[in-house]
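Chemist: The chain contents come next:
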Amino acid sequence: MMQDFEINSSRIDKIKKISEKEKNYRTQNLDFFKSVGFPNKRLEDWKFSDFKDIVNKNFDELSIQDLSYNTPKMNLLKDFDHNYIFLVNGSLHSSNFNFEEKKKIKINIYDKDINQQISKNPLVCLNHALSENGYFLEVERNYKFKKVLIIYNYFTKDIKNKILNNKNRIKINENSELHVIEYTVNESKFNFISNVHEDIELEKNSKLKSLYIQHDKSNGFFHKYIKNKLFYNSDYSNLIFSSGLKFNKLDIECDLIEDKCNCNIMSALFLKKGEHQEIKTRINHLAPNCTSFQKIKKVLNSDSKGIFQGKIYVKNVAQKTNAYQLSKALLINDDAEFNSKPELEIYADDVKCTHGSTSGNIDEDALYYLMARGLNREESVKLLVKGFLNDIIEFIKNPSIKIFVENKLEDQINGR
Amino acid sequence: MLEIKNLEASINDKKILKGLNLSINPGEVHAIMGPNGSGKSTLANVLSGKNGYEISGELKFQGEDLKELPVEKRAQKGIFLAFQYPLEIPGVNTNNFLKTSLNSVLKSKGENELDTLSFLKLVKEKCLELGIDEKILSRQLNVGFSGGEKKKNEILQMKILDPNLCILDETDSGLDIDALKIVAKGVNSSRNKKKSFLVITHYQRLLDYIKPDFVHVLSNGKIVKTGCGELAQELEKTGYEKLN
Chain C
1 MMQDFEINSS RIDKIKKISE KEKNYRTQNL DFFKSVGFPN KRLEDWKFSD FKDIVNKNFD
61 ELSIQDLSYN TPKMNLLKDF DHNYIFLVNG SLHSSNFNFE EKKKIKINIY DKDINQQISK
121 NPLVCLNHAL SENGYFLEVE RNYKFKKVLI IYNYFTKDIK NKILNNKNRI KINENSELHV
181 IEYTVNESKF NFISNVHEDI ELEKNSKLKS LYIQHDKSNG FFHKYIKNKL FYNSDYSNLI
241 FSSGLKFNKL DIECDLIEDK CNCNIMSALF LKKGEHQEIK TRINHLAPNC TSFQKIKKVL
301 NSDSKGIFQG KIYVKNVAQK TNAYQLSKAL LINDDAEFNS KPELEIYADD VKCTHGSTSG
361 NIDEDALYYL MARGLNREES VKLLVKGFLN DIIEFIKNPS IKIFVENKLE DQINGR
Chain U
417 MLEIKNLEAS INDKKILKGL NLSINPGEVH AIMGPNGSGK STLANVLSGK NGYEISGELK
477 FQGEDLKELP VEKRAQKGIF LAFQYPLEIP GVNTNNFLKT SLNSVLKSKG ENELDTLSFL
537 KLVKEKCLEL GIDEKILSRQ LNVGFSGGEK KKNEILQMKI LDPNLCILDE TDSGLDIDAL
597 KIVAKGVNSS RNKKKSFLVI THYQRLLDYI KPDFVHVLSN GKIVKTGCGE LAQELEKTGY
657 EKLN
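As you go down the protein sequences, you meet chains C and U in turn. For the first sequence, the working numbering gives the first residue as 1, with consecutive numbering after it. For the second sequence, the working numbering gives the first residue as 417, with consecutive numbering after it.
Watch out, some of these pointers could steer you wrong.
[Unchecked claim] No farther apart than 27 Å at their CA atoms in a straight line, the calculated lysine-lysine pairs in the DSS-like style are these:
no.	chain 1	residue 1	chain 2	residue 2
1	U	LYS641	U	LYS610
2	C	LYS311	C	LYS52
3	C	LYS382	U	LYS523
4	U	LYS537	C	LYS382
5	C	LYS246	C	LYS34
6	C	LYS402	U	LYS551
7	C	LYS382	U	LYS466
8	C	LYS382	U	LYS493
9	U	LYS525	C	LYS382
10	C	LYS402	U	LYS537
11	U	LYS551	C	LYS382
[As the list claims (entries may be wrong)] Sample of chain C residues lacking proximity to chain U, with all beta carbon distances greater than 10 Å (derived):
no.	residue
12	LYS120
13	ASN205
14	SER237
If you're looking for bench data, these hints aren't it; they were derived computationally from the structure. Don't be surprised by glycine CBs; every beta carbon is placed ideally from N, CA and C.
So here's chain U without its partners, still in its complex pose:
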């Protein structure tokens, strides 16, 4: 699914990722943990294709080189990034945005676009499944949403777009336990043999609900340790300090 070899990324001449290696197979859930400033969000941005980074190394998604591919093409091909800080877009209705977004993805795959009725049916189904209040659909995109609502909206988008690789950038930060459960439910109910997840988090708490197949520790732009689920619990006890 995803092959990263010796990935380096800098922004404004500052090197953030310094030779990162990571391989994710279909159906796997990988967690990336690490202290502040280790490069976790940079990795998420680089994978989704945000402008402004200078990149070298190998970055392949389903066998295709990602480096030259613009943001929207990556999204259309099935890379989804749940933002750490989802943006507020005034004047844009959440429902319209979701529909435009889904239809862009469907169109790029050569599939039929959904009409308003079929879309509404789908979106209501997903809201019900996740336990998200439908009212957010008629509101302006993320405007005045609470932290929890914003993150739930990210998971709803993930459910609707049905991507192959889901990157969750600190989706758990700022969430109460109920919202955390909704996020975890969204991920767990989507898990299947074809779909992969990259869960970026500070804390082990989210990993109590989303059981990862692998846990990686990112420090100073590199993955310094890889293990199974227990590694997260170990880190919770010892902290990141000891790794350096």
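One chain only, chain C, in its complex shape:
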């Protein structure tokens, strides 16, 4: 059981080069966090992930991570050509855009945005209060990335009982395109919390494809809040393959601000013993003729817990909205748990909104069919699991990235 997690306000004084206004903003956020503490199940958004309880059970002590670190050796993926950004404990270490026109890309340490409202999410407030690091990536107008960008997200082996707060921002300007893979590599064998806030802006006719995947299993506890703002005819897609984490909560909010935007959120997860994953989405259809598509698939083993909370909000002006949402869980074990909370809030009358959620066990008839062809039970289950998750992988259009993800998922299913 952890002693009370105390943060002294003097922590903010240590942050360099901040104005009085920023200091006030940070202090307000910190005060809010201190009044509420880590979110617990009494908060509606956290009813299935009692973070306070999880922290208490897994941490004897917890403190804020300092910015200093020893740079780990980075192993670049050899599966396909790529640009990269190298983050160490969430801080921007270096970047390489050798495949691109460098003048079209700006990469910096995140410039703080202190005009955001105080969030109801205590972890977001904690982030606003204390984050000092992260990246700001901007793609200039009329530029399409030639190769994918991998964000290597390294956690060093000395991180133990720490909480890291980082803030990132991606801005894609008019008619530009970017494909990002966030690849987390964790060298720490200890428990720690990574708390990230990410702002994404997609200007007119721009496109962002992002994909999350881990290098290997991790004892990290991850929370990430992503705020997307989509302008005219922009296109955002997010593919989530973040299996192997002890705890992960991805909270994705998407504002479709102008006409003809499209937002896709898809996920294929394979959870094992002791793993807990929540995907929470809120898609705000604020303008007409926008589309959103969400498909979340989870395979739950052992005592793992999977959660999907998805809300589609359609404003009265957002006519001709087409929104789709489906979450499916395959429970391999009776101890596994799946919670799903789909919500629709619609104020326009000419819209098409579909949502569904299913959970079930392995189909015994399908197993019998496969086994009648000589496959043993274990092989048959693996084949059915892969089949279940496969339609999410089919969304990956680049063949070498697809093979890379398939292999990672296969390793997870085979327990490697």
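Please build the complex by placing chain U on the supplied structure of chain C, with the hints as guidance.
Modeler: Chain U only, in chain C's frame:
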């Protein structure tokens, strides 16, 4: 090849097979006909090892007691059941499934597994031989297949796995005449001295294409009549009613 003596099988306390006797020698083709609910599909399920049945009596395959053997072991030892309703398995590529299946069988026999290239060569050969469109190989297993395509896929699997005992459970139902010919071709071209067939059907039509050595009539869980090919034609005229 197959020895069944006084076989009884029940499911959920309901007795379906009530003392069935059947003996199949290598190289023979046996047809089992019978009205709905007589126990034809139960016999097929019990032979392939489907869970959920309570079984008594003698059930031997190549001299070995089958009763305790799990489904996949029976398949590996050479019992093949072409399903009446082949299952749709979303997300599983037909080609991958066929390869995994064949390699499981080869491995169990202590033989070398086939690599992708040799497998593709084999599967293409078999498709060509049967007149099956290769396109089904790249599709998800049985997903969106027509009735005919599903049954043709069963025969393709039978050809590739090369079993000793092939059980065809109403493989002819729902087939048009062209598909029926492909199924019959698959069986006839596989017939040899070592391989046996048990063809379960409602109608005599399939037996115009696959000539059986013996025809049995199954009624109320028992074989009530056995004859040669002509018995099927007789049944077509008189129906099953008269047998009871």
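Chemist: Now tell me if each hint is right for this structure.
Modeler: Status of each hint after checking the structure:
Under the criterion of a C-alpha separation no larger than 27 Å, the hint pairing LYS641 of chain U with LYS610 of chain U is consistent with the structure, at around 26 Å. For the proposed pair LYS311 of chain C and LYS52 of chain C, the alpha carbon gap of about 24 Å is at most 27 Å, so the pair holds. Under the criterion of a C-alpha separation no larger than 27 Å, the hint pairing LYS382 of chain C with LYS523 of chain U is consistent with the structure, at around 18 Å. With a C-alpha separation of about 26 Å, the suggested pairing of LYS537 of chain U with LYS382 of chain C holds against the 27 Å cut-off.
As the CA atoms of LYS246 of chain C and LYS34 of chain C are separated by approximately 25 Å, the hinted pair is consistent with the 27 Å bound. Annotation: proposed proximity of LYS402 of chain C to LYS551 of chain U holds, straight-line Cα distance about 22 Å (limit 27 Å). Only pairs whose Cα atoms come within 27 Å are accepted, and LYS382 of chain C paired with LYS466 of chain U is accepted, the gap being roughly 20 Å. Restraint check: the Cα-Cα separation between LYS382 of chain C and LYS493 of chain U comes to about 22 Å, which is no more than 27 Å; the hinted pair holds.
For the suggested pair LYS525 of chain U and LYS382 of chain C, the alpha carbons sit about 22 Å apart, so the restraint of at most 27 Å is met. Restraint check: the Cα-Cα separation between LYS402 of chain C and LYS537 of chain U comes to about 26 Å, which is no more than 27 Å; the hinted pair holds. Distance check on the hinted pair: LYS551 of chain U and LYS382 of chain C sit about 25 Å apart at the alpha-carbon level, within 27 Å; holds. No beta-carbon of chain U comes within 10 Å of the beta-carbon of LYS120 of chain C; the shortest separation is about 38 Å.
With a closest Cβ-Cβ approach of about 34 Å to chain U, ASN205 of chain C is found to remain outside the 10 Å limit, as its non-interface label requires. With a least beta-carbon separation of about 20 Å from chain U, SER237 of chain C lies farther than 10 Å from that chain, consistent with its non-interface assignment.
Checked against the numbered hints above, the structure breaks none of them.
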